[in-house]
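Trainee: Sequence:
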Amino acid sequence: MLIYLHAIRSGRATLFGLGGCVLLLALWVSVDWISALPADVQATYVGRESCAKCHQNQVRLWTGSDHDRAMELPDDSTVLGDFDNSAFTRFGVTSRFFKKDGKYFVNTEGPDGEFQDFEIKYTFGIRPMQQYMVEFADGRVQVLRISWDTRKNEWFYVTPADVTDERIEPGDPLHWTGIGQNWNTMCAECHSTNVVKNYDLETNSYHTTYSEIDVSCETCHGPGSVHVELAESNSLFWDRRHGYGLPQVKDAPNRVQVETCAPCHARRSPVYPGFRSGEEFLDHYDPSLVHQGLYHTDGQILDEVYVYGSFLQSKMYAKNVRCSDCHNPHSLKLKYEGNRLCAQCHQPGKYDTFSHHHHQDAAATQCVTCHMPTRTYMNIDERRDHSLRVPRPDLTVKLGTPNVCNDCHTDPNETPEWAAEKIRTWYGDKRPDDPHFALAFDAAQRGQTEGLDLIRKLLRRSETPDIIRATAVDLLSNYRNTESDRLCRQAFSDSSPLVRSAAVRSISNVSHDRFVKELVDRLEDPIRIVRSAAARRLVQDATENAKAEYQQTLSAAISEYLTSQEMTLERGGSHINMAALRKALHKYDEAQESLQNAIRLEPYLSGVRGELASIMEQQRGDPEEIRRLREVEVELMERDSRLIPSSPQPHYQRGMLLYLLDRHVEALQALETACELAPNSFDNWMALALLCEKEQRWQKAIQALKNMNRIRPDDPRVGALYQQMRQAASQEDK
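Quick note on numbering: the working numbering labels position 45 of the sequence shown as 63, and the sequence is numbered without any gaps.
Calculated directly from the structure, the hints in this document are not laboratory data. For every residue, glycine included, the Cβ atom is placed at its ideal position computed from N, Cα and C. Incorrect hints may appear among the rest.
[What the hints assert, rightly or not] Label-pair restraints from in silico Cβ distances: (1) Asp379 to Asn125: 21 to 31 Å; (2) Ala746 to Gly110: 52 to 62 Å; (3) Gln637 to Asp680: 17 to 27 Å; (4) Gln721 to Asn527: 22 to 32 Å; (5) Ser573 to Asp84: 39 to 49 Å; (6) Ala746 to Asn222: 47 to 57 Å; (7) Asp321 to Pro129: 22 to 32 Å.
All chains, full assembly: derive it from the sequences and hints.
Mentor: Structure, rendered in structure tokens:
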């Protein structure tokens, strides 16, 4: 019995002991869970070596990739070009590439036109070309236009996209020593990790830094110090505040992953510094829409727009497809070769068959041949269109846009009409994306009346991609009437910030109290690009009373907008934008200083001197200096009209300047040319009408008024001007 009681007591003690241990363990686990890093802890960059301790496979895949070799120091293992006293000649300029004392050099024409030996400080890329960079004393790093074709193993010259076969002189912004080839501002952010530009406006110099020379782990995943600290701790859990210390990218929705890649794979303008993976892309960048000059009217790539704007147009993006569904995120290679890549989602039995592609040739049977055609940039760099569209030769017939069928079928009888008939025969009359947005865009770009109705219908289609709807709203600025403003006001509350931002830019009437209040509401929009756009419109176009009433809300948004411009202080365009804002705020001295900075930095820019002259005239500045500025501006506009003869803008601006210089006959000719080139521009016809009135050319003035009425039949200014001219003409007859 005593033994039995002792056993019971012993068992209880054991249970109590075990219970105590469990309690202590639970307490320890609870404390471990509750313990957390401070909420305001700031992650810093730790470098690839820290990542490689645990993520060896990812680093192995990344090694040798385009990201790894985006930028490197020159040595025998990284330099691919021929530096064995090789030479390359273009337009009589012979550049020589050689080595000396283990370093790489080029002897070529410098910024002053004199030949010098320049040391190669960095290499840039590996496929399909390698470029070479030279550092100057002011911290400026310039990219040579002469580059190495890594496929043909030969030197070639990278011709600017908008330049024909002509010599680029020193001093030209497109010369290799000009701003167009400047690494610090044009390239660095997307070829290295944690780039800080450090531009000094006063000295016009750079002190650019980076934490790693190439596109490394933390470019995409963000600074890793918090993650490393948590991984190396003895905790059982990741941090309850900071998770595992990095943004969730791998299993995130497609928008998050696409926007992680977008800063370097989009045509965009910076809006606010410090973007990190997982943050709202549109708080930091303003992507280009599907505009003329960048894209074809139907959304196909034209200029160097990269991938983001195209992919947003695609049905793939709408179906939640992500970059990593096709590309390995570390090696950047395609996950599969050939049509197997598409077969991840699309049934081969339905699509990888003759009944679908109707071709026998191996290349023509590849999905990407018809759905992702290439365009060549930088002379030799073929890039695929990521809008993943169906071929539309019928749009070629209607609008002149390119189509992939006639890229291959070039016999005289194989016309776009022939190709369109083939498509109709194979797939039927109905196209899944009809009516195509290109028809609305084309009409709106021309300012045609029917374009407004087409845009209205386009905006009603729920399946229309956000970037297409935003472009449609942006094109409403070509109308500026009651109906276009109504559509803009509807778009103020759209779910897409791209659309809201476009609406703010496009609405014409911001003087009405109701419109002002709706714009003021956008100053508190959750997305920064919308707030900045609203601030700019209100400052420039709202009444002084409205600005005063909403000053506090407006000031914060103005500050954000100025921050976006200060990110590119080395560019004249930023100073022009700041000048416009400061002029609207009646800060005329600051506006003049901004314009003078623009002239100092980029003296070849047109439009700056004319605006400076206007402000100086308003402030009763020196008349001789004002006239000199306008005369120089006229010369720059003449240059622009020669360089881009199809553009009406240089002729319009030149005409206005010539009028101010009392050269009315020349002004009349320039404005007539502007109207011929842009027959649906209300402003061009108005300028011509007013000048004809001043010159008492009543017949031409009345014709200009008729065109104004054709474009905007409900604009009250047309009738008022007509009555004014009739009265003036009758007074003259007396």
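Trainee: Could you tell me which of the numbered hints above are not met by this structure, giving the numbers in increasing order?
Mentor: Hint 1 contradicted; others consistent.
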